[in-house]
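**Student:** In case you want the letters, here they are:
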Amino acid sequence: GENVEQHPSTLSVQEGDSAVIKCTYSDSASNYFPWYKQELGKGPQLIIDIRSNVGEKKDQRIAVTLNKTAKHFSLHITETQPEDSAVYFCAASRTSNTGKLIFGQGTTLQVKP
Amino acid sequence: GAVVSQHPSWVICKSGTSVKIECRSLDFQATTMFWYRQFPKQSLMLMATSNEGSKATYEQGVEKDKFLINHASLTLSTLTVTSAHPEDSSFYICSALLEEQYFGPGTRLTVT
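Line order of the protein sequences matches chains A and B.
Counting in our numbering, the final residue of the first sequence is number 113, and the numbers go up one at a time with none missing.
Counting in our numbering, the final residue of the second sequence is number 112, and the numbers go up one at a time with none missing.
Incorrect hints may appear among the rest.
Said to hold, decoys possible - Sample of chain B residues with no beta-carbon within 10 Å of chain A, all distances over it, derived: (1) G1; (2) G16; (3) T17; (4) S43; (5) L46; (6) Y58; (7) P86; (8) L97; (9) R108.
Claimed, not checked - Listed next, the in silico EDC-like pairs over lysine to aspartate or glutamate satisfying Cα-Cα at most 20 Å (straight line): (10) A:K71 x A:E2; (11) B:K41 x B:E87; (12) B:K41 x A:E5; (13) A:K100 x B:E63; (14) A:K58 x B:E100; (15) A:K57 x B:E52; (16) A:K71 x A:E39; (17) B:K41 x A:D27; (18) B:K55 x B:E87; (19) A:K100 x B:E87; (20) A:K68 x A:E39; (21) A:K37 x B:E59; (22) A:K22 x A:E2; (23) B:K41 x A:D17; (24) A:K42 x B:E100; (25) A:K68 x A:D27; (26) A:K100 x B:E52; (27) B:K64 x B:E52; (28) A:K71 x B:D88; (29) A:K42 x B:E52; (30) A:K58 x A:E2; (31) B:K41 x B:E100; (32) B:K20 x B:D88; (33) A:K100 x B:E100; (34) A:K42 x B:D88.
By construction, these hints were calculated from the structure, which means they are not laboratory data.
No residue lacks a Cβ here, since even glycine has one placed at the ideal position from N, Cα and C.
Isolated chain B (complex conformation) (with noise of 0.2 Å):
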């Protein structure tokens, strides 16, 4: 139980388009889901935190309106890096929380 799935698992877009990421946690609901970001061999770094029917807590640093954060339902968080540039290019990864956090199997986005 409490498997994290995301869509897609890898992405490649052009630099001035979005792309939108989804995180569903799929035999459970959670209230709240986050979202990392991890350069190559470098470790997770927390972007937002999602919460179900209110809007996201952005950390410090991180561009509320250029990572978009949606999570409509207790199943579903959606992220859409708009604009993207060639530095947005990344490992994305998102959890959710039950009695611990729960980590999908990431998104791998390259921007061209």
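Extracted from the complex, chain A is given alone in its bound form (with noise of 0.2 Å):
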């Protein structure tokens, strides 16, 4: 079935440092791809997406890239800041406007100050 996999599972870094997540997705259909911010006892927010017609989409700190023939897809964050830790999901759909979102299994990331 569909699935998503998300590397790695926890994460630590220095503030300042980059952190980069993977994720590699099953569906050959899938051709939407967001990322998810979660806060402890919150629900998730979208930081950042990208769909199958674009190899790489950039928001000041955040970046993502799509490797469609490797079915993969990297969340790139550049001089990280201690408000940064929370745990980050990857997803894939098929399509962004009829929902079902596969999600990853959540990476864990510690900015240490």
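Can you join these two chains into the complex? Each is in its own frame, and there are hints to help.
**Tutor:** Right under this line is the structure:
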């Protein structure tokens, strides 16, 4: 069935360093790939997304890359700050406007001051 | 804009009782809402897709008679956990679909 694998499960970096989280999906029909940040006791918040017709997208310190051939997509956070500490989830969907997101397992990011 | 609320934020109930969780889209109308379940330190698992005015579509393995979903208006979907048991204790999160999914803050359910 549809599956999204996410690595690493935990990531600890020093403030100012970069953090990279990687995901692999199985459904070749997937064409929408959002990333969510979830703080303790709260719902996920969309931080960036990418569609299959784009290879890379950047928003300030956050960037996402997509390799459709390899079915890989990655989240890159540069100049990390302590407030970036949270759990990050990748997800994949066949389309953004009909729903059904398949989530990765999550990555706990800790940014040490 | 695109704010989704959930009520209550947390609830404790006794085994065998039922509990209702509300999901509201505050500033937009949503024909489709989703209900997820999240165990501690785990990912979000889709339970069901709720469509306004029609029956919900449940994911495989989710008991429709235990998790009753009602989407009576374009801004409100409810999830009722019937005859709750301790294993139903979890974090329940809803989302509402506009051009993307907007998630609520979640409801922590503890069944004693």
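**Student:** Each hint should be assessed against the structure and marked as holding or not.
**Tutor:** The hints, checked one at a time:
For G1 of chain B, the condition that its CB be more than 10 Å from all CB atoms of chain A holds, with the nearest at approximately 13 Å. No beta-carbon of chain A comes within 10 Å of the beta-carbon of G16 of chain B; the shortest separation is about 27 Å. For T17 of chain B, the shortest C-beta to C-beta distance to chain A comes to about 23 Å, beyond the 10 Å cut-off, and the non-interface label holds. A beta-carbon of chain A is positioned within 10 Å of the beta-carbon of S43 of chain B; the least distance is around 5 Å.
A beta-carbon of chain A is positioned within 10 Å of the beta-carbon of L46 of chain B; the least distance is around 7 Å. Every beta carbon of chain A lies more than 10 Å from that of Y58 of chain B, the smallest distance being close to 13 Å; the non-interface claim holds. No Cβ of chain A comes within 10 Å of the Cβ of P86 of chain B; the nearest lies about 20 Å off, and the non-interface call holds. Not every beta carbon of chain A lies more than 10 Å from that of L97 of chain B, the smallest distance being close to 5 Å; the non-interface claim is violated.
Look at R108 of chain B: its CB is around 7 Å from the nearest CB on chain A, not clear of 10 Å, so calling it non-interface is violated. Pair hint K71 of chain A plus E2 of chain A holds up; C-alpha atoms about 12 Å apart against a cutoff of 20 Å. For the hint pairing K41 of chain B with E87 of chain B, the CA-to-CA distance comes to about 16 Å; that is within 20 Å, so the pair holds. Between K41 of chain B and E5 of chain A the alpha-carbon distance is near 15 Å, which keeps this suggested pair within the 20 Å criterion.
Proposed proximity of K100 of chain A and E63 of chain B is supported: the alpha carbons are some 18 Å apart, at most 20 Å. Taking the CA atoms of K58 of chain A and E100 of chain B, the gap is about 18 Å. The hint holds against a cut of 20 Å. In summary, the hint linking K57 of chain A to E52 of chain B is not supported, as the alpha carbons are separated by about 34 Å, beyond the 20 Å threshold. About 27 Å separates the Cα atoms of K71 of chain A and E39 of chain A, which puts this hinted pair outside 20 Å; it is violated.
Between K41 of chain B and D27 of chain A the CA atoms are separated by roughly 25 Å; this puts the pair beyond 20 Å, and the hint is violated. For the hint linking K55 of chain B to E87 of chain B, the alpha-carbon distance of about 25 Å lies beyond 20 Å, and the restraint is violated. The suggested pairing of K100 of chain A with E87 of chain B is violated, with an alpha-carbon distance near 25 Å, which exceeds 20 Å. For the hint linking K68 of chain A to E39 of chain A, the alpha-carbon distance of about 29 Å lies beyond 20 Å, and the restraint is violated.
The suggested pairing of K37 of chain A with E59 of chain B is violated, with an alpha-carbon distance near 24 Å, which exceeds 20 Å. At most 20 Å may separate the alpha-carbon atoms for a hinted pair to count; K22 of chain A and E2 of chain A meet this at roughly 17 Å. Taking the CA atoms of K41 of chain B and D17 of chain A, the gap is near 25 Å; set against the 20 Å cutoff, the hint is violated. Taking the CA atoms of K42 of chain A and E100 of chain B, the gap is about 18 Å. The hint holds against a cut of 20 Å.
Proximity of K68 of chain A to D27 of chain A is assessed by CA-CA distance (about 11 Å); at most 20 Å being required, the pair is judged to hold. For the proposed pair K100 of chain A and E52 of chain B, the alpha carbon gap of about 16 Å is at most 20 Å, so the pair holds. As the CA atoms of K64 of chain B and E52 of chain B are separated by approximately 17 Å, the hinted pair is consistent with the 20 Å bound. Using a Cα cut-off of 20 Å, the hinted pair K71 of chain A and D88 of chain B is violated, with the two alpha carbons roughly 35 Å apart.
Distance hint between K42 of chain A and E52 of chain B is unfulfilled; the C-alpha atoms sit about 25 Å from each other, more than 20 Å. Restraint check for K58 of chain A and E2 of chain A: not satisfied, since their Cα atoms lie roughly 27 Å apart, outside the 20 Å limit. Between K41 of chain B and E100 of chain B the CA atoms are separated by roughly 24 Å; this puts the pair beyond 20 Å, and the hint is violated. At roughly 13 Å between alpha-carbon atoms, K20 of chain B and D88 of chain B fall within 20 Å of each other, so this suggested pair holds.
Restraint check: the Cα-Cα separation between K100 of chain A and E100 of chain B comes to about 11 Å, which is no more than 20 Å; the hinted pair holds. Note on K42 of chain A and D88 of chain B: the hinted pairing holds, with a Cα-Cα distance of about 19 Å set against a maximum of 20 Å.
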